[in-house]
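Q: With the hints as constraints, model all of the structure from the sequences given.
The listed protein sequences correspond, in order, to chains E and Z.
Counted from 1, the first sequence has number 342 at position 343 by numbering that gives the first Met the number 0; the numbering is strictly sequential.
Counted from 1, the second sequence has number 130 at position 131 by numbering that gives the first Met the number 0; the numbering is strictly sequential.
Hints are computed from structural coordinates only; laboratory data are not their basis.
Any given hint could be a false lead.
Think about it this way: if two alpha-carbon atoms lie no more than 30 Å apart in a straight line, the pair counts; the simulated BS3-like pairs of lysine-lysine are [as the list claims (entries may be wrong)]:
(1) K3/Z - K354/E
(2) K72/Z - K265/E
(3) K72/Z - K354/E
(4) K354/E - K131/Z
(5) K32/Z - K345/E
(6) K157/E - K308/E
(7) K32/Z - K187/E
(8) K6/E - K136/Z
(9) K6/E - K80/Z
(10) K136/Z - K265/E
(11) K117/Z - K332/E
(12) K159/E - K79/E
(13) K118/Z - K267/E
(14) K3/Z - K265/E
(15) K345/E - K80/Z
(16) K351/E - K131/Z
(17) K334/E - K80/Z
(18) K332/E - K118/Z
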Amino acid sequence: MRDCPTKAIRVRTGKAVINYERCIDCGECLRVCPYDAVIPMTTSSADLDKFKYKVALPSPVVYSQFGQQVFPDEILSVIKELGFDYVYDEALMCEMISMTIEEYLDETKSPRPVISSTCPVVVRLIQRLFPSLCDLVIPIEPPREAAAKNLRQEIAEKNKILEDDIGIFHITPCAAKMISINYPESMKRSHLDGAISIHEIYNRVMIKLKKERRPSWLYKHHPISGIGVAWTVSGGEIKAFKNFPSVSVSGVYDTIRILEDVESGKLKDIEYLECLICPDGCIGGPLTVENRFVARSTVNRLIRIYGDKRMVDMRRVQKMYRQKFFSFESSLKPKPFAGLATDRIKAIELLKVKKEMLKRLPAIDCGACGAPDCETHATDIARGDGRLEDCVFVKKEVHNE
Amino acid sequence: MASKVVFQQNFAINGGDFANAGESSIRIRAILKEIGIDATIIRRVAIAAYEAEMNVVMYARLGKMHFLVTPEKIHLTVEDKGQGIEDIGLAMRPGYSTATEEMREMGFGAGMGLPNMKKNADVFRISSTVGKGTTLKLTFKINGTQD
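A: Printed below as a string of C-alpha cells:
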C-alpha cells in the first residue's frame with residue numbers, strides 16, 4: 000500500500016483494493032507484495048491459438064535471462080520452438096528507433112527536453128501526474144509497436160495471408176504491456192496482439208536450452224545489434240546519440256523527481272530525457288527471473304561482443320521516418336487525476352477541510368486507517384472516502400475524552 | 000460572493016539553501032492539481048514560482064512565499080530580506096544578471112528569472128528597497144487565456 004507511488008491502494012475491510020483510476024501500472028506492488036496478492040494481466044495460451052500464424056517478439060531483455068554462456072540467437076530459436084511460426088529480434092528495431100529519435104531531434108524545434116515514449120508507465124505517469132508535459136513526449140512509437148507494425152505488413156505480404164490471421168506477441172519483462180496493448184494511448188489499436196511474461200516461458204526455455212543445446216563452438220552465431228541490446232538497461236537508449244545532451248533516469252521515484260524538475264523548467268539545457276520506471280531499466284522489470292545485477296552484467300557482455308556497429312540501413316530508416324511510419328497516430332492527451340471536486344469553489348472548500356484534518360492526524364503515517372499516509376487519509380476524508388475516526392490515534396483521543 | 004472562498008498557505012525560503020530550492024513550487028503544484036486547475040496554467044505557475052524561489056535562494060537571506068487561491072485567481076507574493084535591486088529596469092532585461100561566477104557554474108544566473116516570471120504571470124509587480132529587500136506580486140487568471 001505504501002509503496003504505491005500514486006497512492007492508488009487502500010486497505011478496506013482487511014483487503015488491499017486498487018483504485019484503477021489512479022493506477023499507472025508501474026508494477027511496484029507486484030514487486031513488493033510478499034503474499035502475491037497482485038496478479039499481472041498477460042495473454043493466455045488459449046488466446047494464442049486464435050491466430051493461424053503466431054509471431055514471437057521477445058524483448059531483448061530475454062537475452063540477459065539465461066546466463067552469460069547462452070547467445071541471443073540460441074534463445075530466439077528455442078522460443079520459436081515453443082509454438083511460434085516466426086520469431087523476430089527486437090534489438091534491430093531498437094537501433095532503428097535510436098536513429099529515428101536522432102532524426103527527430105535534429106529537425107524538430109519543439110520545446111525541450113523531449114521525453115522518451117518507450118516506457119508505457121512513464122507515458123501514463125506523465126498523462127496523469129504531469130499532464131502539462133504531454134507535449135514533450137516524443138511522438139514516435141516505441142520499438143515493440145514499430146516492430147509489430149512492420150512485421151505484420153511484411154509477413155502478410157511474404158506468406159500471402161491476411162493481416163488479421165497473424166498474432167504478434169511481445170515476450171516481456173513488463174507488467175504494463177498488456178494494458179498498453181489493450182488501451183493504447185497514441186493509436187486506435189495496438190499493433191501487438193498480446194504480451195507473455197518472461198517469467199511464464201522461463202522454465203520451458205531453460206529446460207530446452209539445458210537438454211537440447213549443442214556445444215557453443217559448433218555454432219556459427221548470428222550477430223545481433225549491440226546498439227539495440229543496450230536499450231534494456233537504463234542509459235541505453237541515449238547511448239548511441241552523438242550530439243545531444245541527454246539524461247537517463249530509472250526507478251519510479253527518481254522518475255517522478257526529474258519530471259518535477261522538468262515541470263519547474265529546470266532542465267531546459269537537456270535535449271532528451273530517457274525515463275524508465277523499473278530500477279536499472281527494463282532488466283529490472285517485475286516479470287523477469289534473473290537477478291537484475293547479473294542481467295546487467297550479461298547485457299554489458301553482449302554490448303562488448305556486438306559493439307556499436309550499425310546493423311540497419313540508415314537510408315531505409317530515413318525513408319520510413321519521412322513516410323511517418325514510426326509516428327504516433329494521435330497525439331498524447333493529458334488525463335490528469337481528478338481534483339477534490341469538479342466544481343472549483345467546492346474543491347477549494349475541501350482543500351481547507353483537508354488542511355484542518357491534517358492538523359488532527361498524528362503525521363506518523365502508520366497506515367492503520369487503510370490509507371498509506373496521513374496526508375492521503377486527510378484527502379480521503381475531504382473527499383468523503385474515509386472518516387477521521389478511522390485513525391487509531393484520533394479514536395483513542397476521543398475515547399479518553 | 001464566490002471570491003470569499005480562499006485557500007492560502009505560507010512557505011519559508013532560506014537564502015543560500017540550494018539543496019531544498021524548488022520544494023515550495025512542487026507543493027504549490029500539488030495543491031493546484033487537487034483543485035483541478037488546467038495543466039497549462041499549473042505549468043506557468045510552477046515555472047514562475049520556481050524562478051521566484053530561486054531568486055530568494057540566490058540573492059537574499061530569508062524569504063517568504065505567500066500562496067493564495069480563489070476560484071478566479073492565483074496570487075503569489077514573495078517577500079525577501081536581502082540586498083534589494085538597485086535598477087529594476089536593468090534587472091528586468093533578459094540576460095542581465097548579477098549572479099556570481101560560482102552560481103553560474105551551478106547552472107544558475109542566466110538572467111532570465113524576472114523576465115520569465117513576467118512572461119508566465121498575468122500580472123507582475125515588483126518593488127525593491129536597496130539594503131532591505133524585494134517584494135514580488137504575481138497573479139494568474141484561472142479562466143481564459145493569458146494576455
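Q: Of the numbered hints stated earlier in the document, which are not met by this structure?
A: 4, 8, 9, 14, 15, 16 and 17
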